[in-house]
Amino acid sequence: MPAPAQRRIIFQHIDEPGYTNDIGCYVRNGGYEVLKKAVGRKPEELIDEVKKSGLRGRGGAGFPCGVKWGLVDRKSGKPIYLIVNADESEPGTFKDRYIMHQDPHQLIEGTMISCFANNVKQAYIYIRGEMPHGARILEKAIAEARAANFVGPNILGTGYSCEIFVHRGAGAYICGEETGLIESLEGKRANPRIKPPYFPAVLGLYQCPTIVNNVETLCHVKYIAEHGGEAYSKIGTPGNTGTRIFCVSGHVQRPGYYEFPAGTITMGQLLNEVCGGPLPGRTFKAVIPGGSSAKILRFGERFKGKRKVGAEMLDYDWGVEDVPMDFDSLGMIGTMGGSGGVIVMDDTVNMVEALANINAFYSHESCGQCTPCREGSLWMKKISSRMVHGLARPEDAALLKSVADQIPGRTICAFGEACSWPTQSFIAKFGDEFKQYSETKKTAKPEGAHELV
Amino acid sequence: MNLKPETLSKIDEVITHYPTKRSAMLPLLHLIQEDIGYLPEDTSEWIAAKLDLQPINVLEVITFYPMFRQKPIGRRHVKVCRTLSCALLGGYKTCAAFEKEFHTHLGEVSPDGEVTVDFVECLASCGTAPVVMIDDELHEKVDVAKAKQLSDQIRAEAKQR
Ligand SMILES: Cc1cc2nc3c(=O)[nH]c(=O)nc-3n(C[C@H](O)[C@H](O)[C@H](O)COP(=O)(O)O)c2cc1C
Ligand code: SF4
Ligand code: FES
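Residue numbers (this note's numbering), protein chains in the order written: chain G, 35 to 487; chain B, 18 to 178.
Next comes chain G alone, as it looks inside the complex (with noise of 0.2 angstroms):
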C-alpha cells in the first residue's frame, strides 16, 4: 500500500520559503484570529474542545492533554501557571526547534489560549540551553506580541493579563522531565520530586498548581480551538487524534520531520516510502521507534495478537514494518511512540556499541538522587564500554540484564525506565550479538561502519 500524504498543520509553515519568523508574516497569514476568537469565549468551553479532541500530549508519555487540564487544582486560591516544555532532550527528537525557530508566534498563540482556558497569568517557556537563539526569537515575538496587546495587561481589552517569560536551561536533560523542569526552574538542581504527592498540577511550581505541556501540544490546541475538538478528532484514527509529525534520523536516504495524520502510516511506508529506504547496499536493522528510551524493534522479528478495531477484535500479525506509527499499536507490541524521535540502524550497526552509545547518555544525564539510577546508569555505561574498549565476556549480556533490571520501579521519576529500557530491549532482540561480541571484536568491521562509542 503507498504511504498516505503528508498532512502539515502543525508544521505547516516550516521550511516555506518566504515565511519569516516575525509577527508581521504571521499575521499576514490568518495568525492571532484564533486568539482573538478564544478570548470572547467561556474558558471551560475551550476546556472542552480539547477534552473532545482527544489531544494526546506530545512530550513523549502520550497524555490526554484534557485530561491534565481537567485535573489542575482550580480551588486552591493560588494562581495557576504554565509551563512550556521546550526543552527538547530526548535523543532522536528534533520538531520543537523548528517551531520555536521558524515559526515561533504560532506556540505563542497556542501558549496564550490556553493559558486563557485555565485561568493561568504567568506562563514560562522552559527551553533548553542550547538553542541560544531560539531563545532570542522567542523573547523577540513576546516582545511582538506584548505590543500587539495578545501577551501582558487585559490583552485584547478583555480585562484578562497574562504575561510569558523565556527561561533558558542549561544543558541537563532531566529538565525536561517535568518537576524536574521545575525544580530548575526554581533555581535549583533539577532532582525530580516525588509523585505522589508533588504533582503538578497540584504542587507545581512554588507550590502551586502547574500545567506543563510540551510546544508541540500547545501548538495543536491552537488548531483545535480554530477548527474545534470534533473536527479535531476526525484526523487521524480513534485513541490517536490529530497528527503526529515523525523526526526521522541515522541510516535512511532521507531523514527529515513529517507530518501525518495519527496512525495512518506504518513503519515501513515511513522508512522506504517516505524515507527513501536504506542507503545504498544497505539494510535495515532495527529502529527506536520513539526516542532513545523507547524499546528497539528488530526487522525480522514478528508480533502476534488481538487488538480492538472498531468494536470487534481482530488477530494481528505485524512485521517492523506493518506496524502502524501510534502510541498504542507500538504500546502494544512492547515499545512507544514517545516523542516522535524514529532512530534507525542499518546493517553496519553493531548492537553492543550501539547500546554503549545509548548507557554513555543515560549515565551523563542521571540526576543522581536515586540509587538504582545513578549506579545502574553507570554500571551499565562502563559494562558496555569495557566490552567495546576491553575486554568482552559472553556474561556480560547476562550482567547487563541483571544491573538494568533492578532499576524500573525503584526510583523517583521515569528516568530509570527510561535508562533501562534500551539495554533490555538490546538484550532480549540482539542478545546474541552480545555474547558473541569478544569473537566479533577480532574481525574487521563492515565497511562503513562508524564508531560509536
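Please note that a few of the clues may not be correct.
Residues of chain B placed beyond 12 angstroms of chain G at every Cβ, according to the derived structure [stated by the list, open to error]: (1) Met18; (2) Ile53; (3) Ala66; (4) Glu131; (5) Lys163; (6) Ser168; (7) Gln170.
Cut-off 27 angstroms, straight-line C-alpha distance, at most; resulting in silico cross-link-like pairs (DSSO-like, lysine-lysine) [what the hints assert, rightly or not]: (8) G:Lys479 - B:Lys165; (9) G:Lys476 - B:Lys110; (10) G:Lys222 - B:Lys21; (11) B:Lys67 - G:Lys222; (12) G:Lys229 - B:Lys38; (13) B:Lys38 - G:Lys174; (14) G:Lys479 - B:Lys117; (15) G:Lys155 - G:Lys71; (16) B:Lys110 - G:Lys475; (17) G:Lys155 - B:Lys38; (18) G:Lys85 - G:Lys342; (19) B:Lys110 - G:Lys416; (20) B:Lys27 - G:Lys222.
Please keep in mind that the hints were generated in silico from the structure rather than gathered at the bench. This structure is a prediction, so every number in the text was calculated from the model and none was measured. Note that beta-carbon positions come from the ideal geometry of N, C-alpha and C, so glycine has one too.
Got chain G; can you put chain B with the ligands on it based on the hints?
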C-alpha cells in the same frame, strides 16, 4: 566581580520575571558566564548576596548543569554532538578532525588558546547529523571535510582580531 553595566542592568531586569528571587539563578549564571567567559570563584558569593541565598545554593547549581564552567576555555567553543544519531553518521570522526586541526584534546584549551573542543549530548538536530555548535551557531552535516573548512574559518577569524 567586574561585570559590564549592561550585564548588571539585565540582571536586575530578569529578577523581576519571577515571584521568588531564587528563580533567577540560571539566568544570572548565564549572564555572568556570557560576560566573563566562565564563572569565577566569587560567583557563588556574589549571586548568593544578590538573591538572598547561601553560596552553597549557587555552587550546587553550577556543578549540576553541564553548560556552566568554572574555568576559562578557548576563545571559541566547539561542541560536537556525541549521541547516537550523530555517531551513526560519523560524529566521532568529526570530533577527531577538530581535535587534530587545533592540536588539542577533548575538554582542553588548544595550545594557541583559540578553541576548546567538547563532546555534548543530543542537540535536537539529529536529522542533519552529525551536528556541531560553534559558540551559539549550529552547523549541520559536519563531516570531516566540513570540519576542516570550519576550522579554517575559525583560524581566519582569529587572524582578523
Ligand atoms: C527523563 C524524561 C525526559 C523528558 N524530556 C522531555 C522533553 O525534553 N520535552 C518534553 O516536552 N517532555 C519531556 N518529558 C515529558 C515531561 O515530563 C512531560 O510529561 C511533558 O512535558 C508533558 O507535556 P505533554 O503532556 O504536552 O506531552 C520527559 C520525561 C522524562 C521522564
Ligand atoms: S530516576 Fe534517575 S533521574 Fe530520576 S530522580 Fe532518580 S536519579 Fe534522578
Ligand atoms: S544525536 Fe546529535 S543532534 Fe541528536
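Each hint tested on the structure:
Once the 12 angstroms rule is applied to beta carbons, B:Met18 is consistent with being away from chain G; the minimum gap is 19 angstroms. Remark: the non-interface label on B:Ile53 is consistent with the geometry, its nearest Cβ contact in chain G lying 16 angstroms away (cut-off 12 angstroms). For B:Ala66, the shortest C-beta to C-beta distance to chain G comes to about 15 angstroms, beyond the 12 angstroms cut-off, and the non-interface label holds. Under the 12 angstroms C-beta cut-off, the non-interface status given to B:Glu131 relative to chain G holds; the minimum distance is some 21 angstroms.
At roughly 16 angstroms from the closest C-beta of chain G, the C-beta of B:Lys163 stays outside 12 angstroms, upholding its exclusion from the interface. Distance check on B:Ser168: its Cβ is at least 20 angstroms (rounded) from any Cβ of chain G, clearing the 12 angstroms threshold; non-interface status holds. The claim that B:Gln170 lies off the interface holds: its Cβ sits roughly 19 angstroms from the closest Cβ of chain G, which is beyond the 12 angstroms cut-off. For the given pair, G:Lys479 sits about 26 angstroms from B:Lys165 by alpha-carbon distance, which is consistent with the 27 angstroms threshold.
Of the pairs offered as hints, the one joining G:Lys476 and B:Lys110 holds, with about 22 angstroms between alpha carbons and a cut-off of 27 angstroms not exceeded. Note on G:Lys222 and B:Lys21: the hinted pairing holds, with a Cα-Cα distance of about 26 angstroms set against a maximum of 27 angstroms. With a C-alpha separation of about 16 angstroms, the suggested pair B:Lys67 and G:Lys222 falls inside the 27 angstroms cut-off, and the hint holds. Between G:Lys229 and B:Lys38 the CA atoms are separated by roughly 26 angstroms; this keeps the pair inside 27 angstroms, and the hint holds.
Only pairs whose Cα atoms come within 27 angstroms are accepted, and B:Lys38 paired with G:Lys174 is accepted, the gap being roughly 24 angstroms. For the proposed pair G:Lys479 and B:Lys117, the alpha carbon gap of about 23 angstroms is at most 27 angstroms, so the pair holds. Under the criterion of a C-alpha separation no larger than 27 angstroms, the hint pairing G:Lys155 with G:Lys71 is consistent with the structure, at around 19 angstroms. Taken as a hint, the B:Lys110 and G:Lys475 pair is honoured in the structure, with Cα atoms around 20 angstroms apart against an allowance of 27 angstroms.
Straight-line distance between C-alpha atoms of G:Lys155 and B:Lys38 comes to about 18 angstroms, which keeps the hinted pair within the 27 angstroms bound. With a CA separation close to 22 angstroms, the supplied pair G:Lys85 and G:Lys342 stays within the 27 angstroms bound. This hinted pair checks out: B:Lys110 and G:Lys416 have alpha carbons roughly 22 angstroms apart, not beyond 27 angstroms. Proximity of B:Lys27 to G:Lys222 is assessed by CA-CA distance (about 21 angstroms); at most 27 angstroms being required, the pair is judged to hold.
Of the hints listed earlier, there is not a single one the structure fails to meet.
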